[in-house]
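The chain contents come next:
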Amino acid sequence: MIENNLSVFIDCITRYFEHLPNKNIDVGTPYLVDETDEIEGDYTGVIAISGSYNGNCYFSAPRGLITDVITNSGESETSEEMVLDTVGEIANTLSGNARKNLGAEFIISVPKVFNGTGAAQLASVEEQHTYAIPIRWKNHEALLGVRLD
Amino acid sequence: MMSKIRLMIVDDSLLIRKKIERVHDQEKYHLVGHAMDGGQAVALFNELRPDLVTMDLTMPNIDGIECIDRLMAIDPDVNILVVSALSDEATGITALEKGATGFLMKPFTEDELSEALEIASEELVS
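Residue numbers (the working numbering), protein chains in the order written: chain A, 1 to 149; chain B, 1 to 126.
Honestly, the hints are just simulated from the structure, not real lab data. Glycine residues also receive a C-beta, built at the ideal position from the N, C-alpha and C atoms. Check the hints yourself; a few may be wrong.
As the list claims (entries may be wrong) - Partial pick of chain A residues on the chain B-facing surface, computed with a CB cut under 8 Å:
1) K100
2) Y131
3) D149
Said to hold, decoys possible - Only pairs whose alpha carbons sit at most 30 Å apart, straight line, appear in this in silico DSS-like list of lysine-lysine:
4) K98(B) / K112(A)
5) K112(A) / K23(A)
6) K112(A) / K138(A)
7) K98(B) / K100(A)
As the list claims (entries may be wrong) - Below, a sample of chain A positions facing chain B; criterion: calculated Cβ distance under 7 Å:
8) E75
9) M82
10) D85
11) T86
12) G96
13) R99
14) G103
15) A104
16) H129
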């Protein structure tokens with residue numbers, strides 16, 4: 001199911017960064033997450049999907065990328081609270097924008113956010129049929145993960 | 001001198017609240033408060049009675065659509081600008097049918113936000 005919709009999420013993440021002053025984003029080739037892979041970002045925002053699909057959408061990134069998003073958004077505060085909020089807001093925006101193509105029955109939750117090695121907490125995301133879309137922005141690497149059943 | 005438009009921000013994201021706080025024209029709007037979820041928004045709205053509300057849709061407790069219903073029941077004349085990532089047509093139509101004045105899709109630039117606030121408050125200054 002997700003294979004047919006990867007382009008939707010690629011468009012969403014491209015659009016997100018196009019709204020920042022530094023628009024240049026490289027999107028890599030999506031790949032199926034192996035169950036031994038760990039989510040490596042310092043911060044991860046996760047959205048639960050229900051309705052016409054069941055699954056998750058997560059955005060995982062290093063602190064440097066998140067703080068650069070914050071400063072590119074015109075804010076100077078890069079507190080832990082702001083960084084956690086921002087990674088959740090990115091995940092929320094990407095999954096919410098996907099509804100343009102996937103419809104109103106693509107129901108998204110409010111974000112849950114993790115810092116540090118949240119991989120254990122995210123095991124349920126990784127164990128199943130999850131695709132990761134790698135991105136590079138301003139020399140930072142991050143992942144958008146999507147599982148849709 | 002024309003009085004300022006009383007603005008209230010409703011969004012569960014600190015980043016978005018800060019952005020709206022920073023970008024709104026302080027000569028034109030008076031920021032009276034902000035809420036982080038729908039329940040807080042209804043309580044604050046009752047207390048502050050703003051003229052214009054920016055409204056997120058995906059929020060804890062009471063979501064934005066339900067919140068629009070409740071605010072319109074309190075004051076049918078309030079202007080509500082929806083600011084949301086939910087980009088499907090049906091959600092936009094529902095929000096407008098409930099009484100929202102406009103819809104700004106996240107992510108947005110500062111110019112897009114300023115323009116959306118301007119349009120949403122047009123009837124308040126005429």
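- Compare the structure with the hints numbered earlier in the document and write down the numbers of the violated ones, lowest to highest. 2, 3, 16
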